[in-house]
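Note that the protein sequences, when read in sequence, are chains A and B. Convert by adding 84 to the 1-based position in the first sequence; the result is the number in the numbering used here. Convert by adding 84 to the 1-based position in the second sequence; the result is the number in the numbering used here.
Accuracy of the hints is not assured; some may be wrong.
Below 27 angstroms or equal to it, Euclidean Cα-Cα: the simulated DSSO-like pairs (lysine-lysine) are [as the list claims (entries may be wrong)]:
1) A:Lys170 x A:Lys382
2) B:Lys200 x A:Lys229
3) B:Lys113 x A:Lys200
4) B:Lys441 x B:Lys170
5) B:Lys200 x B:Lys409
6) B:Lys229 x A:Lys122
7) A:Lys150 x A:Lys122
8) B:Lys441 x A:Lys229
9) B:Lys122 x A:Lys229
10) B:Lys150 x B:Lys122
11) A:Lys409 x A:Lys319
12) A:Lys265 x A:Lys382
13) A:Lys113 x B:Lys229
14) B:Lys150 x A:Lys409
15) A:Lys319 x B:Lys319
16) A:Lys382 x B:Lys229
17) B:Lys319 x A:Lys113
18) A:Lys113 x B:Lys122
19) A:Lys229 x A:Lys441
20) B:Lys150 x B:Lys200
21) A:Lys170 x A:Lys150
Far from chain A, some chain B residues (derived; all Cβ distances over 12 angstroms) [said to hold, decoys possible]:
22) Asp106
23) Ala108
24) Ile111
25) Ile230
26) Ala391
27) Asp395
Derived by calculation from the structure, the hints in this document are not laboratory data. Cβ atoms here follow ideal geometry from the backbone N, Cα and C, with glycine treated the same way.
Each chain, letter by letter, is given below.
2 protein chains.
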Amino acid sequence: MINVAILGFGVVGSGAAEVLSDNAAIIEKNLGCAVTVKRILDLREFPDSPFGHLVTHDFQDILSDKDISVVAEMMGGSHPAYDFTKACLEAGKHVVTSNKEVVARFGAELLELAAKNGVRYLFEASVGGGIPVIRPMVNDLASNKIERVDGILNGTTNYILTRMIHAGATFEEALLEAQQKGYAERNPAADVEGLDAARKIVILAALSFGTLLSPDEIHCEGITKLTLADVAVAKRLSCSVKLIGHTELVDGRVLAMVSPRLVPLSHPLSGISDVFNGVLVDANMVGEVMFYGQGAGKLPTASAVVADIIDIVAHMHSDNVRTPKFTVATAADYADFSAYACRSCVSFVNEEGAAEKIAAAFGAVETVVEGDRIAFISAEMTEKAAEAAIAATGLTLASRIRMLG
Amino acid sequence: MINVAILGFGVVGSGAAEVLSDNAAIIEKNLGCAVTVKRILDLREFPDSPFGHLVTHDFQDILSDKDISVVAEMMGGSHPAYDFTKACLEAGKHVVTSNKEVVARFGAELLELAAKNGVRYLFEASVGGGIPVIRPMVNDLASNKIERVDGILNGTTNYILTRMIHAGATFEEALLEAQQKGYAERNPAADVEGLDAARKIVILAALSFGTLLSPDEIHCEGITKLTLADVAVAKRLSCSVKLIGHTELVDGRVLAMVSPRLVPLSHPLSGISDVFNGVLVDANMVGEVMFYGQGAGKLPTASAVVADIIDIVAHMHSDNVRTPKFTVATAADYADFSAYACRSCVSFVNEEGAAEKIAAAFGAVETVVEGDRIAFISAEMTEKAAEAAIAATGLTLASRIRMLG
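Build out the structure end to end from the sequences listed, making use of the hints.
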């Protein structure tokens, strides 16, 4: 029997206890060994929970317990989650986590520390909630060079965009709905400004290209400026609008970014609605593969945490385990964002002669007039070139939204 | 260094050699050890291939070579692939395969034989080509009870249906196109009659529910009877038509089946076009997850074969490996198909009073008239009840296509 400790008995933490308990028979059958929650760390008491008697307020109770070999950290936030993780790894305990903030900031260091102590640090639940994506990238795409990843990585913003596209709700109305349904927090900044997606895309970039960029140092645009006029232009061009985390190599350096993108309706990411997430990986042998499912939520996220626990238990006595490996990025690892090139949907306030001015600055493009806007999809241009061409038109820019692919 | 032998140097076999060679540096970096093709078994000579000098016509050259620890079987067909696989496992060699025919017929026996000989038998490439689906089901969903799997498992038929839906091609025209593009074989029966998908769904059913049904014993309908009138009715009902492999438990027994289904446009499987495949797994904790990508083709399929080789090499000295486990189904494991219940899209030749006759037999349903047909989506009914209600109308049945979900 393997004893596990849970750090943080919030939504995901209580979900993990529930998965381990409700599916105990399946887990034992699949694994050939039972997995039991021995202690739970939380500041609160849970007198009504069937796991309430396992709660301690003292981290030392877990750290010093030799019977606990795996610790599942689901506290959220950087501290003390990072500090506790470090202490557990140093004490020779395996750690699994759903905490994308800790992985995005300290993942490289914690992986190294784990390796040094002969234990593992796994974080399947940190990206895509319950969707299997990190382990498939590490295991199933191990024979591939990964070329590019594009993901809908945040369920809150995808819900808001779905409501804007399909129900004609404004951003503010859709956000309010999302808050009422419990999909968005009272302070939704981390979601709607793109930071949550930025944390996830730097993790995916690290898995793809070997270095962990800082989520604070990458280009990150949220969805707060998107309007129904943007949605209308997108529809006119047979596209939906999605918040996309994107990573690829540019001149041999790692580009990771988060921004709204127009996604053609024929693209597999375009149909991903509501709070669902999807991660599309383009790799040199397998081509495009996509992983889809619930990117958040109690039981889906807990399912991924428990999958990591099972992975650890299954390979506890193995001398060769498949664990993600990456290092901290140095300044030289960051791609020059101004050199990144893509197509964009550019919308100007329409005026007499606008089409000619657009043609003069952007060359032959097909313009559409939608409401008071004139819009078109540009050729592939660098950020710099796109900005220069926009300025050269002399027109009033309504919005510029990059295209996917 | 690990030496691998390839059995069958056709499309996938030569692809595997290419993946191992072209991505050798990545594989060695990910694995910490080089993987090299030592011998290739084929009846033909390949004087122009860079691997031509490795070809032997004698299986004994591989079987008796103690340096070869992993054998990748990509011959296709049951024999001699099954016999060679057996011999390799008995000789203590690990075997990986893309051969769904062998896995669907002999998988349970070969898994048992592998376990007895302390080696592994892996078959990621047998379902969904390059898409990671078997390993994610075994590893990432190990904390879940799998409830249901629905998959677009055959690229040829999905290409044909895509052309019927989007280009208005008839079945015969679309099949001809598929043959011209190399997506369909000259004798397309195994694809268009559903047998290929049947082999894959019994494998997925075995992974989900633990017993391997015979692909010959399950309900299997292909797409040869589908017409553009069916497609028009589907569109009218905001659905696409897909060939779906489906498995679930019915009264505690395993139901696996292949048939065309109407898929609502809002469903993630509906947007999967052309030769792409998608597998949607519904599990009790994670909910719905979908795996999407190229379900066939040289390099995608080879990518999955090589992922299995890497999995084996990584865990070669491990005492606890995560390998699929299932047994041969007995008669008692098969669900009673006539007790399976789902909604259906029923189309009759329209005639005066048809709506009243439908209402009398099916209760309150919303009918639509499309061309010379009158169609509707029934309530959930068993196969038996649906047939009885159809007969009770006294109308001429044009088609009955089950609904997904």
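Results of checking the hints against the structure:
For the given pair, Lys170 of chain A sits about 25 angstroms from Lys382 of chain A by alpha-carbon distance, which is consistent with the 27 angstroms threshold. Between Lys200 of chain B and Lys229 of chain A the alpha-carbon distance is near 35 angstroms, which puts this suggested pair outside the 27 angstroms criterion. Pair hint Lys113 of chain B plus Lys200 of chain A holds up; C-alpha atoms about 19 angstroms apart against a cutoff of 27 angstroms. In summary, the hint linking Lys441 of chain B to Lys170 of chain B is not supported, as the alpha carbons are separated by about 58 angstroms, beyond the 27 angstroms threshold.
Restraint check for Lys200 of chain B and Lys409 of chain B: satisfied, since their Cα atoms lie roughly 13 angstroms apart, inside the 27 angstroms limit. Restraint check for Lys229 of chain B and Lys122 of chain A: the C-alpha separation of about 23 angstroms stays at or below 27 angstroms, so the hint holds. A distance of roughly 11 angstroms separates the Cα atoms of Lys150 of chain A and Lys122 of chain A; the hinted pair therefore holds under the 27 angstroms criterion. For the given pair, Lys441 of chain B sits about 60 angstroms from Lys229 of chain A by alpha-carbon distance, which is inconsistent with the 27 angstroms threshold.
Proximity of Lys122 of chain B to Lys229 of chain A is assessed by CA-CA distance (about 23 angstroms); at most 27 angstroms being required, the pair is judged to hold. Distance hint between Lys150 of chain B and Lys122 of chain B is fulfilled; the C-alpha atoms sit about 11 angstroms from each other, no more than 27 angstroms. Annotation: proposed proximity of Lys409 of chain A to Lys319 of chain A is violated, straight-line Cα distance about 41 angstroms (limit 27 angstroms). Of the supplied pair hints, the one linking Lys265 of chain A and Lys382 of chain A holds, its CA atoms being roughly 14 angstroms apart against a limit of 27 angstroms.
Using a Cα cut-off of 27 angstroms, the hinted pair Lys113 of chain A and Lys229 of chain B holds, with the two alpha carbons roughly 11 angstroms apart. Between Lys150 of chain B and Lys409 of chain A the alpha-carbon distance is near 33 angstroms, which puts this suggested pair outside the 27 angstroms criterion. Restraint check for Lys319 of chain A and Lys319 of chain B: the C-alpha separation of about 20 angstroms stays at or below 27 angstroms, so the hint holds. Of the supplied pair hints, the one linking Lys382 of chain A and Lys229 of chain B holds, its CA atoms being roughly 16 angstroms apart against a limit of 27 angstroms.
Restraint check for Lys319 of chain B and Lys113 of chain A: not satisfied, since their Cα atoms lie roughly 45 angstroms apart, outside the 27 angstroms limit. Proposed proximity of Lys113 of chain A and Lys122 of chain B is contradicted: the alpha carbons are some 38 angstroms apart, above 27 angstroms. With a C-alpha separation of about 43 angstroms, the suggested pair Lys229 of chain A and Lys441 of chain A falls outside the 27 angstroms cut-off, and the hint is violated. For a cut-off of 27 angstroms, the pair hint linking Lys150 of chain B to Lys200 of chain B stands: about 19 angstroms separates their Cα positions.
A C-alpha spacing of about 16 angstroms is found between Lys170 of chain A and Lys150 of chain A, which places the hinted pair at or below 27 angstroms, so the restraint holds. Its closest Cβ contact with chain A, about 8 angstroms, brings Asp106 of chain B to no more than 12 angstroms, contrary to its assignment away from the interface. With a minimum CB-CB distance of about 10 angstroms to chain A, Ala108 of chain B fails to clear the 12 angstroms threshold, and the non-interface call is violated. A Cβ of chain A approaches the Cβ of Ile111 of chain B within 12 angstroms, the least distance being about 6 angstroms, so the stated non-interface status is violated.
Interface exclusion of Ile230 of chain B from chain A breaks down, the closest Cβ pair being 9 angstroms apart, not more than 12 angstroms. A cut-off of 12 angstroms between C-beta atoms contradicts the statement that Ala391 of chain B is not in contact with chain A; the least separation is 5 angstroms. The Cβ of Asp395 of chain B does not lie farther than 12 angstroms from every Cβ of chain A; its closest approach is about 6 angstroms, which violates its non-interface assignment.
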